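Given next are the chains, with one letter for each unit.
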Amino acid sequence: MTTTPLRRRGAALVAALLSTTLVLTACGSDGDDADDTGDPTAQTRTVQADNGTIEVPADPQRVATIGNTTLPFIDLGGEPIGVTEESATNVARLPEDQQATYASAKILATSADEVDLEELATLKPDLILVQIPDAEFEAIEKQLELIAPTVFFGLDAEWKALADGIADAGNVADALSQQKKEFGDKVAKIQETYGEVIDGTSFVDISRGDFNDPGTFYIADIGCSEIARDEVGLDLPEAAEGADPLAYESLSFEQIGELSKYEVITYPVDAEGQPTEPFVPVVESNTWKALDAVKSGRALGVFCPGNNSYGAAIRYLDSLDSALATLPAEE
Amino acid sequence: MTALALRQDGPGTSAVPGPRRRLLGLAVALALLAVLLVLSVMIGSTSIAPSVVWDALFHSSSGIDEFAIRDYRLPRTIVGLVVGVALGLSGALIQALTRNPLADPGILGVHAGASFAVTVAVGLLGVRDVQGYMWFAFAGALIVTLMVLALGSTRQGSSPVVLVLAGVCIGAVLGGAREALQLTNPEAFDAMRYWNAGSVVGRPLDVVWPILPFFAVALVLAFAASGPLNAMALGDELAAAQGVQLVRTRALSVLALTLLAGGATAIAGPIGFVGLMVPHVARWIVGPDQRWIFAYSILLAPSLLLVSDILGRIVMRPSEIPVGIVTAFVGAPVLIALARRKKASGL
Numbered sequence: 001m002t003t004t005p006l007r008r009r010g011a012a013l014v015a016a017l018l019s020t021t022l023v024l025t026a027c028g029s030d031g032d033d034a035d036d037t038g039d040p041t042a043q044t045r046t047v048q049a050d051n052g053t054i055e056v057p058a059d060p061q062r063v064a065t066i067g068n069t070t071l072p073f074i075d076l077g078g079e080p081i082g083v084t085e086e087s088a089t090n091v092a093r094l095p096e097d098q099q100a101t102y103a104s105a106k107i108l109a110t111s112a113d114e115v116d117l118e119e120l121a122t123l124k125p126d127l128i129l130v131q132i133p134d135a136e137f138e139a140i141e142k143q144l145e146l147i148a149p150t151v152f153f154g155l156d157a158e159w160k161a162l163a164d165g166i167a168d169a170g171n172v173a174d175a176l177s178q179q180k181k182e183f184g185d186k187v188a189k190i191q192e193t194y195g196e197v198i199d200g201t202s203f204v205d206i207s208r209g210d211f212n213d214p215g216t217f218y219i220a221d222i223g224c225s226e227i228a229r230d231e232v233g234l235d236l237p238e239a240a241e242g243a244d245p246l247a248y249e250s251l252s253f254e255q256i257g258e259l260s261k262y263e264v265i266t267y268p269v270d271a272e273g274q275p276t277e278p279f280v281p282v283v284e285s286n287t288w289k290a291l292d293a294v295k296s297g298r299a300l301g302v303f304c305p306g307n308n309s310y311g312a313a314i315r316y317l318d319s320l321d322s323a324l325a326t327l328p329a330e331e
Numbered sequence: 001m002t003a004l005a006l007r008q009d010g011p012g013t014s015a016v017p018g019p020r021r022r023l024l025g026l027a028v029a030l031a032l033l034a035v036l037l038v039l040s041v042m043i044g045s046t047s048i049a050p051s052v053v054w055d056a057l058f059h060s061s062s063g064i065d066e067f068a069i070r071d072y073r074l075p076r077t078i079v080g081l082v083v084g085v086a087l088g089l090s091g092a093l094i095q096a097l098t099r100n101p102l103a104d105p106g107i108l109g110v111h112a113g114a115s116f117a118v119t120v121a122v123g124l125l126g127v128r129d130v131q132g133y134m135w136f137a138f139a140g141a142l143i144v145t146l147m148v149l150a151l152g153s154t155r156q157g158s159s160p161v162v163l164v165l166a167g168v169c170i171g172a173v174l175g176g177a178r179e180a181l182q183l184t185n186p187e188a189f190d191a192m193r194y195w196n197a198g199s200v201v202g203r204p205l206d207v208v209w210p211i212l213p214f215f216a217v218a219l220v221l222a223f224a225a226s227g228p229l230n231a232m233a234l235g236d237e238l239a240a241a242q243g244v245q246l247v248r249t250r251a252l253s254v255l256a257l258t259l260l261a262g263g264a265t266a267i268a269g270p271i272g273f274v275g276l277m278v279p280h281v282a283r284w285i286v287g288p289d290q291r292w293i294f295a296y297s298i299l300l301a302p303s304l305l306l307v308s309d310i311l312g313r314i315v316m317r318p319s320e321i322p323v324g325i326v327t328a329f330v331g332a333p334v335l336i337a338l339a340r341r342k343k344a345s346g347l
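Chains as they are written, first to last, in this note's numbering: chain F, 1 to 331; chain U, 1 to 347.
Keep in mind that a hint or two might mislead.
If you want a taste of the chain U side facing chain F, the calculated C-beta under 7 angstroms gives, among others [what the hints assert, rightly or not]:
id, residue
1, G44
2, S47
3, I64
4, D65
5, F67
6, A68
7, G176
8, E179
9, G202
10, W284
11, S319
12, E320
Label-pair restraints from in silico Cβ distances [said to hold, decoys possible]:
id, chain 1, residue 1, chain 2, residue 2, range
13, F, Y248, U, S60, 21 to 29 angstroms
14, U, V173, F, Q61, 24 to 32 angstroms
15, F, E272, U, V162, 52 to 60 angstroms
16, F, G195, U, M42, 16 to 24 angstroms
17, U, L57, F, G233, 24 to 32 angstroms
18, F, S322, U, H59, 39 to 47 angstroms
19, U, P186, F, E138, 39 to 47 angstroms
Please keep in mind that the hints were generated in silico from the structure rather than gathered at the bench.
Given the structure is predicted, the values throughout are model-derived calculations rather than measurements.
Cβ coordinates follow ideal geometry from the N, Cα and C atoms, glycine included.
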C-alpha cells in the first residue's frame with residue numbers, strides 16, 4: 001500500500017504522540033505493583049503469530065479487531081471494543097446476539113487499510129487482532145504495536161488456524177473447543193446419514209455476487225464449498241493444483257447448460273431459504289429451469305453464513321444437512 | 001460539393017474513390033457485418049452445434065442450448081449491433097464537429113456523466129440491475145453534455161475548442177467525484193468493475209428497446225447535419241458564407257451524438273476506441289465527405305464491436321473478456337498504424 005505524504009506525516013505524528021503517551025504511562029506506573037494486585041490483565045503470556053512471538057495479556061479485556069478477525073472473534077464469544085467495518089451482507093448473516101455485539105463496537109474505518117489510528121489509541125485496547133494483506137499490515141505495524149500488543153495473521157492463514165490463533169490470543173479457547181466438538185459431530189452425522197449420496201454423486205456449487213457482471217455467475221470452489229468438499233467429502237469441482245480458484249472465473253449464463261454434467265447443484269440462499277438477491281437472475285433464467293437437476297429437485301439451496309469460523313461453518317452444515325435431506329431417492 | 005473539391009486538393013486526399021467504389025465498399029461493409037452477426041450467434045463460450053442454433057432461431061424448441069441461443073447470444077448480438085452503430089456514428093459526429101481526428105464521444109463528458117450517475121445509483125441508491133441504472137447513465141450523459149454545451153458557448157456561439165475544454169474539465173471533476181464515491185463504498189466499486197470495463201454480456205433486449213427511439217431521432221439529426229458539417233470542415237467563415245447556420249448545426253450535432261453515445265454507454269458501459277477508430281477507417285476509405293463517413297461508420301463500428309466480443313468469448317474459454325477491454329487491445333495498435341498513415345489523419 002502506498003501512502004500519501006500527508007498520510008505519512010499524519011501517521012508519524014500519531015506515532016510520536018503515542019510514543020510520548022506510552023513513555024509517560026510507563027513512568028507513572030510500576031509493573032510490579034500491577035502484578036501485586038493480581039489483576040489478570042497485567043499478567044502476560046506469549047502467542048505465536050505471523051508477526052512473530054507476541055506477548056499478550058493473559059486475559060485481554062479490551063480487544064480491537066482489524067480486517068478478517070472481527071467476525072471469528074465475535075463468533076467465539078468475544079466482544080471487541082473497536083472493529084473495522086464489515087459489509088452489510090456479512091452482518092445480516094450473523095445471529096442476532098452477534099449482530100448486537102458487532103453493533104456495540106466502535107467502527108474504526110470502512111476498510112482495514114484506512115484504520116483511524118488516533119481513534120484506536122483513544123479506545124485503549126489491550127490487544128489488537130489483525131488479518132489483512134501483508135503490505136497493508138507492514139504500513140501500520142509499528143503504529144499498532146505502539147498502541148497495544150498486535151497479533152497478525154496473513155491472508156494465507158487457513159480458517160481453522162485463524163480460529164486457533166484468535167482463540168489463543170483472545171483467551172476464548174474454551175468456546176473454540178466446544179465449537180470444534182460440535183463441528184466434528186455435525187460432519188460425522190452428515191457423513192453417516194448421507195454416506196451413499198456422498199460416495200456416488202457428483203456435486204457442483206455455483207454462486208453469483210453483487211460484484212458479478214450482469215449475465216454471469218461462477219463455480220464456487222472456495223468458501224463454504226471447501227467445507228463441503230474437504231470436511232464432509234462431497235465430490236465438488238476444484239481448481240487444478242497451483243491454478244486460481246474456479247470462483248475467480250466469471251461464466252456467462254449461456255454456460256448454465258454445462259452444469260447438466262453434475263448430478264446435484266447447490267446454490268446460495270438466505271437464512272429464510274430464498275435464493276440470494278444476486279443469484280435470483282440465475283434461477284429465473286430459462287436455461288436454469290431446463291436443467292435436469294432443477295426439474296428433478298436436485299438443485300439444493302444452501303445457506304452459507306460465512307466460512308472463517310466454526311460457528312458459521314456449523315450453521316452452514318445445518319443448512320447442508322437439511323438440503324441433502326430433500327434429495328429425492330434414486331430410482 | 002465545393003468543399004469536397006477544395007479538400008481533395010489537400011494532402012492525403014488525392015485518392016478519394018468515386019461514388020461507385022464507395023457504394024461497392026458500403027456493400028462489402030454490409031456483407032461483413034452480416035457475416036459477423038451470424039458468427040456472433042454461432043460462436044460462444046460454449047460449443048453449440050449449428051443445427052441447434054438453427055432450431056433455436058427458427059423453431060420453438062425448449063432445450064437448454066436453444067434457450068442459451070435465444071436468451072443470451074441473440075440479445076447479446078443485437079446489443080452489440082445497436083451499441084456499435086451508436087458509438088460509430090457518435091464518434092464520426094464528434095470528430096466532424098470538433099474538426100479533431102482524435103476526438104471521441106468521451107471528450108464531451110458523455111462517459112464521465114454516465115459513469116458518475118451510475119456510481120450514484122449503485123453506491124448511494126443501491127440500484128444493482130442494469131435495467132435500473134441504465135436510465136441514470138443516460139440521464140447523466142445528457143445532463144453533463146448540456147452542461148458542457150452551456151459552459152462551452154461564448155457570445156459568438158459554441159467554439160469547438162472551448163467545447164472540448166469544457167468537456168475535459170467537467171469530465172475530470174466528475175471522474176474525481178466518481179472515484180471518491182467508489183473508494184468510500186467498496187461494494188459499489190465491486191459492483192461497477194465490469195460496467196466500467198464496458199460489456200454487452202447479460203443485457204436483455206428490454207434494455208435496448210427503450211433507447212431505440214432516441215437512436216432513431218439521433219440518426220435523422222446526424223444525417224441532417226452531415227451536409228453543413230462538410231461545409232464547416234473548411235472553417236466557420238467559409239461555411240457561414242455558404243449559408244450554413246453554425247449554431248444550429250452544432251446544437252443538432254451535439255444533441256445527436258449525446259443521444260447516441262449516452263444511450264450506448266447506458267446499455268453497455270463506457271466502451272473506448274470504437275468511436276475513435278472507426279471514423280478514422282471510414283475517412284481513410286471514403287475521404288472527407290461526412291455523409292459517407294457516417295454511413296461507413298454505422299456499418300464498420302458494429303463489425304468491430306462484434307469481432308471484439310467474439311474474440312472476448314473464445315480467447316479465455318470458459319471465462320470471457322469484456323468487449324471494452326478487447327476493443328482497446330484491438331483498437332490501440334490499429335489506431336497507431338492508421339495515425340502513421342498520412343492520409344488517414346486529416347479531416
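Can you list which hints this structure breaks, lowest number first? Those not satisfied are hints 2, 7, 8, 10, 13, 14, 16, 17, 19.
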